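From first to last, the protein sequence lines stand for chains A and B.
Per UniProt numbering, residue 1 is the first one in the first sequence, and the count goes up by one each step.
Per UniProt numbering, residue 1 is the first one in the second sequence, and the count goes up by one each step.
The calculated EDC-like cross-link candidates involving lysine to aspartate or glutamate, where the alpha carbons are at most 20 Å apart (straight line), are:
id : chain 1 : residue 1 : chain 2 : residue 2
1  : A       : K207      : B       : D27
2  : A       : K228      : B       : D10
3  : A       : K72       : B       : D185
4  : A       : K48       : A       : D10
5  : B       : K117      : A       : D133
6  : B       : K23       : A       : D182
7  : B       : K8        : A       : D182
8  : A       : K372      : A       : E442
9  : A       : K207      : B       : D182
10 : A       : K72       : B       : E262
11 : A       : K320      : A       : E262
12 : A       : K39       : B       : D182
13 : B       : K320      : A       : E65
14 : A       : K285      : A       : D389
15 : B       : K26       : A       : D182
16 : B       : K359      : A       : D133
17 : B       : K23       : A       : D185
It is worth saying that the hints were derived from the structure and are not from the lab.
On a predicted model such as this, the values are computed, not experimentally measured, just so you know.
Protein chains: 2
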Amino acid sequence: MIVLNEIKLDKDKKYPLYKQLYKGIKDLIIDNRIEVNTKLPSIRETCKIFNINSSTVVSAYNLLEKEGYVYKKTGSGTYIKNIDVDNTLDNKKNLNIIYDFQNLTADSKLFPVSEFKELMNVVIDRDGGSAFDYHESIGYLPLRKVIKSHLEEKNIFTPLESIQIISGTQQGIDILSKTILDYGDIVITEAPTYPGALYSFKSRSAKIIEIPVDRDGIDITILEHKIKNFKPRVIYTMPNFQNPTGFSYSLNTMKKILELAEKYNTYIIEDDYISDINFNNKKVKLLKSLDDNNRVIYLKSFSKTFMPGIRLGFAVLPIKLSQNFLLGKHFSDISTSGFIQRIFELYLKEKMWDNHIKKLSSIYKMKYDLTKKYIKKYIPLYLRYYRPDGGLNFWFALPDGYSSKKLEIYLKEKGILISCGSRFYSSNNDTEYFRINISSIEIKEIEKSIILLFKYINKFIKNKNNKTLIHPINYFDF
Amino acid sequence: MIVLNEIKLDKDKKYPLYKQLYKGIKDLIIDNRIEVNTKLPSIRETCKIFNINSSTVVSAYNLLEKEGYVYKKTGSGTYIKNIDVDNTLDNKKNLNIIYDFQNLTADSKLFPVSEFKELMNVVIDRDGGSAFDYHESIGYLPLRKVIKSHLEEKNIFTPLESIQIISGTQQGIDILSKTILDYGDIVITEAPTYPGALYSFKSRSAKIIEIPVDRDGIDITILEHKIKNFKPRVIYTMPNFQNPTGFSYSLNTMKKILELAEKYNTYIIEDDYISDINFNNKKVKLLKSLDDNNRVIYLKSFSKTFMPGIRLGFAVLPIKLSQNFLLGKHFSDISTSGFIQRIFELYLKEKMWDNHIKKLSSIYKMKYDLTKKYIKKYIPLYLRYYRPDGGLNFWFALPDGYSSKKLEIYLKEKGILISCGSRFYSSNNDTEYFRINISSIEIKEIEKSIILLFKYINKFIKNKNNKTLIHPINYFDF
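The following block holds chain A by itself, in its conformation from the complex (with noise of 0.2 Å):
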């Protein structure tokens, strides 16, 4: 139930009663009182708790609105927003950034563009208007041909039916959580984990339970106690360097989640981001490809390694669902440009995108050394950190008790943005963890752009105001 109770109102102040209810609210929201999606109490009912007047209750409910920490349903009721995910969909450019630790792609210089346009020209005077016509649903053939060669270079041996375009992973996410969870179904994520999945599942109205991952993977003792009690219909993974974490899974790991995911009956999927850019000579393993039992279902994204903008990926689906996705699919976007497809699988094919990978991975070695580097010389003692075993996430922890929501806030009006912890975990809880990405930073500033972030988390820990976490979340043992 609701806390309001717990608000104070001073009936004879001079500060006028609504604001004094709004701000009450507000602080609730902030301090992660009342969960992402609570129905406030109507109008009548908060006249009740308070004794008031509903013009005050429906003045305060109106800030709220306006400033975006509830939302309203018509005929339903006022709810409150989910205030982060607003800093996901921000725009940056009102801001005077100087450092972007949030975004997770390569530099737009570096993409392949005139290859690209080439090709398109190529594709163009090659297939006229049946380039721009309706494409099947499941995707070009000759490029889920050119995928499918692909994946037996790396070990995935998969029939072409079971293979389906997505514009981009977080589609296929989207369309697994329409075609495979039903209300009120149990999903075992990560945690940390990608939010974007967790949005996505819940709003099926699926019940997530989350295990904590460490360096070897998802927790697996945690993970059969749950699966045995909660029979999940899905459990959601990211077993190459894991967001936010960099995490990967041991193959032990990838050996024990299989085998339950068979003597439990469920689904795994797989989340793989990134994990073609790999610079640490360990041979990345895919889950997929250990998969004898046709338990998972794996989700590739080029956003990440070739260009956001282009929004294509790919699935590979266990047979028994494919003909459902295929479905979901079509009736989330019909299908995708088929016009891109056509560029792409050239671009697969003609071995460019070989090149461009080579190319990518010895900048994001470079990258990835230099920043492991200075953190390591210029790192304040209390802070953690964790290094990943690929990708540019950095995973972090602040001492105990400090609020990484308020290290966000704290440092985007000083013009560096960071992911505070909060956003990776179902609860949206305030943790002492955060997340920072150099993809975006460039080489040469690098060093800058670490001692700067290290200089205000100083100032930050010395404001003791910022101690406020009761319960720090302790998933991860340092």
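Once you have looked at the hints, place chain B on chain A.
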């Protein structure tokens, strides 16, 4: 034997038993644990298996039937249905198609490919990599600005923030389903209507109430009655050149439906898939242009009038809904391809769009006139058809009792594709109605195609076995 005893029902749970049973069986079907055309255990047998009431089983079976997972044979029992929407998603390439009356898209030879190619190169040379970077979820600002001024020419005046780019209308409907519909909400649709909308609403477990349309549009008397009793969350309409009937709303019907939406506090979706192409010299009025109370969600597709493969459209949203819609868009596919948006912005701005629409309209008018002429000349007396107000859909009715589902299958064997009426009703029940669309028939082929169509229908009608409908649907009064 069937595996129902694997389903676990929890009698203490709040989730009703019949829904648990329905979900259990549905999962078995989706997982392919029960084969198509298998008979489910009788009501009595199922009662025994689970020790539950017969009314529980009946409710579960009815829900399964309604949602298209099973079918009933009178006096025999309930059977597993083939859930593949084979027909919708079918690629037609294995068939020897002579005339495709299913396709709603213009011949790809009419696509403005060379202009598009030119603009594409302009965009790449101008914007470089940033054309392929992430774009704001709401859409590319300059494109939204051009759309705003195009809307003003159609008497729609709306703030920029309420214009949202989408990857086609189907995505718009899908996002609306996710963001404004809750489990069990009521949606009112026209009957018959666009199947993709029905699918999206059903996938949110919405309850659909169908209101017949006639030559003036949706039946306002029935509509008011249903709105009053069922308090729908939203009403889905195609006020101009309705699909599949080709009917348009009268001005009076438009005004009435807007009044009703305001009076009973509900929203109207206006799906505008083809109003640009209008060849009857009547001025087309958009419902949104009459919407003084922000009740209309306007969805605009470019698939039928431009090129379907670009996957582009837009929505105009009441401000109250825009923030939630934006979130839904973000978590559906992050954004629509920014590259395509940039090209299309130039296309709209450079007046190429106006020229294209003029050209397409004159071709469509020619097709329309010829089709009308040859239908009049060759139509058998027993067939009824309604002259559409625009678009290239023609809606026919077989004599009472004849199955259009059987006609569709019969004609397909002869190489002619039509769309049987059941596709356009929520129940999927067989009807005597069917739709033909003339978009992809070449002008010089129209007479021949109509002659051949009627020839085969004659053959079909002579076979009395095709008369199987017991209760023909009489939504229309021709």
